[in-house]
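Asker: Each chain, written out:
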Amino acid sequence: MGIEIKCFATLSRFLPENSDDHPIQAGDTVESILDRLGIPTKEVNLIFVNANRAFLHTELKDGDRLGLFPAVGGG
Amino acid sequence: MPRILRINTRTKEYRFEELGQYANLGGRALTSRLINTEVPADCHPLSAENKLVMAGGLLAGSTAANSGRLSVGAKSPLTGGIKESNSGGLFAHKLPKMDIHAIVFEDKPESDAPFQTLVISTDKVEFKDAGEIVGMDNYPAHDKLLAEYGDKAIVALVGPAGETLRQTATIQFTDPYKRPARSAGRGGTGAVLGSKKIKAIVLDPASNAPVKPADNDAFKTARKTWVDILQGHPVTSQGLPAYGTAILVNVVNEAGAMPTKNFRYGQCDHAAEISGEKMAELIEARGGKVKEPCHTGCIIQCSQQYNDKDGNYLTSGFEYETIWAYGANALIKDLDDIATLDRICDEKGMDTIEAGNALAIAMDGGVIPWGDGKTAIELMRKVGTSDALAQIMGNGVEFAAKAFGVERVPTVKGQSMPAYDPRAVKGVGVTYATTAMGADHTAGYGVCQNILKVGGDVDGLKKDGNVEISKNLQVATAAIDSMGFCLFAAFAVLDAENGVQAMADLVQSWTGNSFSIDDLVNLGVNCMKDEQDFNQRAGFTKKDDQLPRFFRTEPLPPHNVVWDLSEDELQGAKA
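Line by line, the protein sequences are chains A and B. For the first sequence, the working numbering assigns the number 1 to the initial residue and increments by one for each residue that follows. For the second sequence, the working numbering assigns the number 1 to the initial residue and increments by one for each residue that follows.
Extracted from the complex, chain A is given alone in its bound form:
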């Protein structure tokens, strides 16, 4: 099994076909996945992995859920 990828708001256009079970390679980080999917890192402002705040350097493992957002606000 791979990881689940969620691309929210304006990033939804980058959602890969197999987003529910996206295969990853050993050593993959958030940044390497963005690179493979063609998502510009400057468009990504919020990164969550399994509800935890994550960063470009965060390593991913099988079964993780990766959530990506642009800059958003509200309140």
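Just so you know, these hints were derived from the structure itself, not from any lab. Everything hinted at is true.
Simulated crosslink set (DSSO-like; lysine-lysine; CA at most 27 Å straight-line):
| no. | chain 1 | residue 1 | chain 2 | residue 2 |
| --- | --- | --- | --- | --- |
| 1 | B | Lys144 | B | Lys108 |
| 2 | A | Lys42 | B | Lys453 |
| 3 | A | Lys42 | B | Lys278 |
| 4 | A | Lys6 | B | Lys453 |
| 5 | B | Lys224 | B | Lys212 |
| 6 | A | Lys6 | B | Lys289 |
| 7 | A | Lys6 | B | Lys278 |
| 8 | B | Lys333 | A | Lys6 |
| 9 | B | Lys291 | B | Lys152 |
| 10 | B | Lys278 | B | Lys453 |
| 11 | B | Lys543 | B | Lys529 |
| 12 | B | Lys374 | B | Lys333 |
| 13 | A | Lys42 | B | Lys291 |
| 14 | B | Lys462 | A | Lys6 |
| 15 | A | Lys61 | B | Lys453 |
| 16 | B | Lys463 | B | Lys261 |
| 17 | B | Lys471 | B | Lys542 |
| 18 | B | Lys291 | A | Lys6 |
| 19 | A | Lys61 | B | Lys462 |
| 20 | B | Lys261 | A | Lys6 |
Derived, one-sided and incomplete: chain B residues facing chain A with beta-carbon distance under 7 Å:
| no. | residue |
| --- | --- |
| 21 | Tyr243 |
| 22 | Thr245 |
| 23 | Glu254 |
| 24 | Tyr445 |
Residues from chain A shown here face chain B by an in silico Cβ test under 8 Å; the list is partial:
| no. | residue |
| --- | --- |
| 25 | Phe8 |
| 26 | Thr10 |
| 27 | Ser12 |
| 28 | Phe48 |
| 29 | Pro70 |
| 30 | Ala71 |
Every residue gets a Cβ at the ideal spot worked out from N, C-alpha and C, and that includes glycine.
Use these hints to put chain B onto chain A, whose structure you have.
Answerer: For chain B alone, coordinates are given in the frame of chain A:
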């Protein structure tokens, strides 16, 4: 020189007076100073001794972007403490064109006196019998008023909830689309106005004197800088206009901080069905408007017009906190049902957060089934009538919890918590605990740093740094509310090096009074001090600056964190 208009609601006398001790104050700084000075802190909020004050900010009447917010102040029927409730709409920018800086409603008629519509012109106040619109929902009442006074009239009014003195009652204000869709939402200010038998206030369309900056050249320069700051930040120029605040459904859910089923869980299984992306999709498909301003000069445009499945207008300003309260906290899955409930809140004149949370309490108490949107709609439509259940709902969370025997009561100082669980977003939790307003996210939006990475990055799951960010945000917010800016401008200001200076420059060039960054900060600090002073005299102590016990004892999944700040630690956030 703008004046204060004082209206005695019993004798029907009025007088215009100079600002006096309220000079150099605006918006929230003015309302809180006036309430702290003139209202006995231990009076009953529905008594003659309470006053209701409406004030535009220091930039009211100006063409500075996003500067048209109105402050409504009183002793709160919901909390028993001081309240400033903030609204968009056209009211704030109209007042200076009538040479009015603030309007104060005083005293109270006999309990059997009829409701009045007040028509306010530059130098005159007329009391007119409001009989034709008493009992009416806000949209039809507003239509009648515009038909009578002209469609350029700007109106404030209470709905059936305010007429019947419900603790959740709002005051609704005319928006740029001539709908009464903007609310002074929190704390029951509509009940204060209702207690004074004021159904509506009409600002005379003929009173329209031009207003100009004291220093025209400096103002134009500052205004341009300010627009550049707002248009230069991705949140205020792209994120908010594209999806509105409802974008936060997926964000806060993904962060594991979206209170679900009366604050039991931090994630909601049906978040995607009630998300901002889903909302935008439906709006587009049904010919609504994905973005619209809430007041003249609003360039952030995070509001929207949501149509029903037949393509007819249903509601606007469909906010994250509303969608959260009905959709996640009360488990309603259908966005149309939630939009209908939002419209009902505008019609009856009820705070969507307090009403939505009261609905979750009713569900928790077994009064209606969890997630039952249709029954919720039926119940809320009766607010303002003599239906006993609806009367309970109109009074908000603490009242409903007592009526229904519910022990899980997510309130601070009587006001229920919005849309961000304090166990997982401790920065905003500190604000809920410590602001004089009761649980209020808008008093100091720690979500910025805890989740959104605006203005820094502070872990919301841990204590460290969160008292400090809350305090700084509370001061900044009090200042922003006093200048009349939309709070969302803060997203850009927090990240822009020159943001605070730009705001100070706008005020200085508009008013002609010296106004430095220090003055701006002091405006916020002194406002908070007024509020804390009032609350202390009203009987609040540091024990009231704490979250309910269950937040400290019950871990919130998925992070399984609890609220762990002590009473004494929390005092660090006070001014």
